[in-house]
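K.L.:
Below, each chain spelled out in residue letters.
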Amino acid sequence: MSSAALKVPTDDIRICAVTRTFAVDARQVFALRDVSLGCEAGSFTALIGPSGCGKSTLLRIIAGLEHPDEGTARIGGATPQQKCRSGALGVAFQDPALLPWRTVRQNIALPLQVLGRSVSSAQGLIDQLIQLVGLQGFENARPGQLSGGMRQRVAIARTLVTDPSVLLMDEPFGALDQILRRSMNIELQRIWMEKRPTTILVTHGIDEAVFLADRVAIMQRNPGGIAQVIEVPFERPRRPELFAAPEFHRLEDEIAAVLYAGMAS
Amino acid sequence: MQALSVLLALAAWEALGDWHLVGQGALPSPSAIVAQWWQDRDIYPAHIWATLQPALIGFVAGNVIAAAAALAFMLIPALERLMRGFNIAIFGIPPIALSPVLVITLPGQWPQIVLAAVSVYFPTMVMTLLGLQDIDPRPIDVIRSYGGGRIAVLHWLRLRSCLPGLLGGLRVAAPAAILGAILAEFGSGARWGLGSFLLGSLGRGDPARIWGIGLTATAMSAAAYGLCALLGRRAAASVLAVTITPARIEAQAVARGRARTLRVLLGVGAVAMPFLIWWGVLKAFAVSPVIARTPWGVWQYLVSAPDAADARAGIIQALGQSLPLAGAGLLIALAVALVLATTGTLWRGLNAALLPAAVFLQTMPLVALAPIIVLLFGRGIATTLVVTVAVTFFPAFITIAQGLAQVPAASLDLVSVYGASRWQKLLLVSVPMCLPYLCAAARLVAPAALLGVMIAEWLATGYGLGGVLNTARGELDYGMIWAVAFIAVAVSVTFYQLVKLIEERLLARFRMAGG
Chain Z
74 MSSAALKVPT DDIRICAVTR TFAVDARQVF ALRDVSLGCE AGSFTALIGP
124 SGCGKSTLLR IIAGLEHPDE GTARIGGATP QQKCRSGALG VAFQDPALLP
174 WRTVRQNIAL PLQVLGRSVS SAQGLIDQLI QLVGLQGFEN ARPGQLSGGM
224 RQRVAIARTL VTDPSVLLMD EPFGALDQIL RRSMNIELQR IWMEKRPTTI
274 LVTHGIDEAV FLADRVAIMQ RNPGGIAQVI EVPFERPRRP ELFAAPEFHR
324 LEDEIAAVLY AGMAS
Chain H
12 MQALSVLLAL AAWEALGDWH LVGQGALPSP SAIVAQWWQD RDIYPAHIWA
62 TLQPALIGFV AGNVIAAAAA LAFMLIPALE RLMRGFNIAI FGIPPIALSP
112 VLVITLPGQW PQIVLAAVSV YFPTMVMTLL GLQDIDPRPI DVIRSYGGGR
162 IAVLHWLRLR SCLPGLLGGL RVAAPAAILG AILAEFGSGA RWGLGSFLLG
212 SLGRGDPARI WGIGLTATAM SAAAYGLCAL LGRRAAASVL AVTITPARIE
262 AQAVARGRAR TLRVLLGVGA VAMPFLIWWG VLKAFAVSPV IARTPWGVWQ
312 YLVSAPDAAD ARAGIIQALG QSLPLAGAGL LIALAVALVL ATTGTLWRGL
362 NAALLPAAVF LQTMPLVALA PIIVLLFGRG IATTLVVTVA VTFFPAFITI
412 AQGLAQVPAA SLDLVSVYGA SRWQKLLLVS VPMCLPYLCA AARLVAPAAL
462 LGVMIAEWLA TGYGLGGVLN TARGELDYGM IWAVAFIAVA VSVTFYQLVK
512 LIEERLLARF RMAGG
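In the order they appear, the protein sequences are chains Z and H.
Residues in the first sequence are numbered from 74 upward in steps of one, following our numbering.
Residues in the second sequence are numbered from 12 upward in steps of one, following our numbering.
If you are wondering where the hints come from, they were derived from the structure by calculation, not from laboratory data.
Any given hint might turn out to be false.
Unchecked claim - Examples of chain Z residues lying across from chain H (beta carbon under 10 Å, computed):
| id | residue |
| --- | --- |
| 1 | L110 |
| 2 | A114 |
| 3 | K156 |
| 4 | A170 |
| 5 | I203 |
All C-beta atoms, glycine included, are put in the ideal place defined by N, C-alpha and C.
Working from the sequences, and respecting the hints, build out all of it.
P.N.:
Here it is in C-alpha cells:
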C-alpha cells in the first residue's frame, strides 16, 4: 500500500480530569484521579508506570470499554463510543485475543464483520496486512498452529484492518521474550510510520517506550495519575543501533529515576 | 496383556455361570446369554424400536427446549433466577416417580417421550448455559472496541464457544433419554419396549434373557454416548483458548449486588414457579380432574381430606423406610468413590485406567440393570443398597477424581520440597483442595440415590416410596401416585438445597471459590 494514497486524517485524543474509582471490600480505591492528557493527531505516546497505576484503565476508557466516574475522554472531538462504532479505533491487548476457531484471515476480518462492513471487498487489504506483518503462507492457519509472536502479529494486523485513525495498545508485546519483543518494536515503528495513526502504547518496558514514542508519560499509583511527561527527541526512522546509544541510556535512566522516585514515596 | 485379562475374566465368568455358582444360576454364563439372545433375535428389533423411537423424539425435543432455555437464561439473568426452582425440581425428579403420573395422564408413547425429554433437559441446559456464560473475556473487548454490543458478542462469540458445552451436554443426555424411555415403560404396561420386556422376563425368572436385555440396553446407551462424544471431540478441539485466561475480575465487578426487594421477589417466584407450571400444564391440556391432581389437590389429599391422616401415615412410614437406605447408599458410594479416587492418585496410572472405565460405566442404564441385581442379591435390603450404590458411585467417582486432578502441580511440589510422603501430600493438599468437588458430588448424585432406592423397592422389596408407588399404580389410587411423586421431588430438592447450604458454608469458611 502506498503510504501517500492511504494517508487518513488522524484524530487527536483529549483526556480531561478523568477520575475512576473501584470498590474493594467497601473501600473506594482511586484507579485514576484527576488525570489529564492530550495527544496531538499523528503522535505516538507511551504510558509507563508500576502495576496498579491505572494505565490500563486509562487506555480502556479511551477505547470506550470503560466509563470514567468524572471527567471526559474525547477522540477527534467525539466520544470513544461514537468513534468505536465508526471503526476509527484499533485496539491491541497484551493477549492476542484471537478466536481459536477462525483462521488468520478470518481473525483479521472480525472487526469488519462486527462493524457490518463487506469482508469480500476487503480481501485485498487483508492480503496486504498479512504481508505487512510477515505472515505470508499462514493465511489459513489457526491460532493454535502459530507461535506466540505470530499470534501477536495477527492481532496487530487485525487492529489495522479498519484503517484506524487511533491505535491503542495495552502491553501488546508483554508476553513475548526480549529478542522477539525488540524485532516487534522495529516492525511496529515501520507500520506506524506508514499510516501515522495517533497512538498510545501502554508498556512496562522503558526501552520499548523510549524507542517507539514521541513522548513518554510516566504514571504513579495511589492515586493513579501522570507524574511527568518526558519528550523523546530522536529522529525517525529510529534504527536498532539506537538501543545501544549513550543518549538512549541517559533518557532511560532519567525515566527510571522518575519511576523509582514515585514508588519510594 | 489386556486382551489376555479380558479373556481370563470371560473364562472365569463362563465357569461361574455354567456351574451355577452364583445365586443358584442368577449369573448365567456368557455363552448362555448369547444363545438366549440368538433365540430371541426375532423379537428384539420390535422391542428396541419401541424404546428407541420415543427416546429419540424426546431427546430432540428436550434438547431443543434446553438450548432455547439456556439462551433465554443467558440473555435475561432474572429469568434464570425465577426458573431456578423449576430447574432444580426437574433435576431432582426421580424418573421412576414421574413415570406413573405420566402414564395415567398421557396416551400412547407420550409418557416415554416426555420422560426422555425431562431426563435430557437439565444436563443440556446447564452445560449450554455454562458454555454461553463462561467465555474467554478478551475477545469480548475486541468486539466491544468496534462498537459491538451484547448481540454482536452473542453472534460472533458466545454461540460458537458454547458448542463444546452443548455437545458435552448431549453426551450426558443421550443415555439419559434411553433410560427415561425405559423407565416410562416400567409403569406403562405396554407390550413392546426393552423396559416392558425386562419386567416381563423378571416375572418369569429367566436370568439369561434378563442379562441379554440389560446388555442390549447398555449397548444402545453406549452407542448413543459414543456418537455424541465423537461429535463433541470435533468441536472442542477448535475452541480451546490458545493462551491462559487472566483472572476474571471483571465478571465479579459486573455482578453487583441487586436491589434487595428484587432478590426477595425472585426468590419467592422461584419457589412458586414449579407449582405454577404444574398447575398450568394440567389446565392447558385439560387433564381430567379424576386423574389429575393440582398442587391444591395434593394438599387436600395429604392434609385436608377426611382420610388424609391415613395417606400421610402411609407416606411417612414409606419415607422412614426409603430415606435411611438412600442416605446410607449415598454415603457408601461417596466414601468408596473418595477412597478409590485418592488411592488412584497415590498409585500413578490407576486413575488413568479407572477413569475411562467409570465414564463408560456411567452411561450404562444401571437402573435398567436393577432386575439383574435383584436376581443376584434377592429381594432384601442388600439389593436396595447395591442398586443405590451402583447408580451413585460412578458419577461421584468421576467428580471427585476430576477434583483431585485439578490440584495444581506447584502445590504438590511445594510440600515435596520439604520431603512430604505421598500420604502427607494427599492429606495436606489433595483432599482439602478437592473439598468443593466432594460437595458437588454429594449434591449431584443425591437424586440418583433416591431413584436407586425407589427402583429397588418397586421391582424387588415392595417397601418404601417405591413400593407404595407400585401398589398405588396397581390400585389406580391417583391421589397417592401424585402425592408420592410430589414428595419424592420435594425430598430431592430439599436435600440438594441442604447440601448446597453446607457447601457454601464450608467454602466460605475456607475462602475457596464456589465449585
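K.L.:
Grab the minimum C-beta distance from Z:K156 to chain H and call the hint holds if it beats 10 Å, violated otherwise.
P.N.:
OK, holds: Z:K156 within 10 Å of chain H, min 9 Å.
K.L.:
Tell me if Z:A170 is really an interface residue toward chain H, meaning its C-beta lies closer than 10 Å to one of theirs.
P.N.:
With a minimum Cβ separation of about 4 Å from chain H (threshold 10 Å), the hint on Z:A170 holds.
K.L.:
Quick check on the hint: Z:A114 CB to chain H CB, less than 10 Å?
P.N.:
Not OK, violated: Z:A114 not within 10 Å of chain H, min 20 Å.
K.L.:
Less than 10 Å between beta-carbons is the criterion; does Z:L110 satisfy it with respect to chain H?
P.N.:
Z:L110 check fails; min Cβ-Cβ to chain H is 19 Å, beyond 10 Å.
K.L.:
Close enough to count: is the Cβ of Z:I203 nearer than 10 Å to one in chain H?
P.N.:
violated (18 Å)
Checked against the numbered hints listed earlier, the structure breaks hints 1, 2 and 5; every other hint is satisfied.
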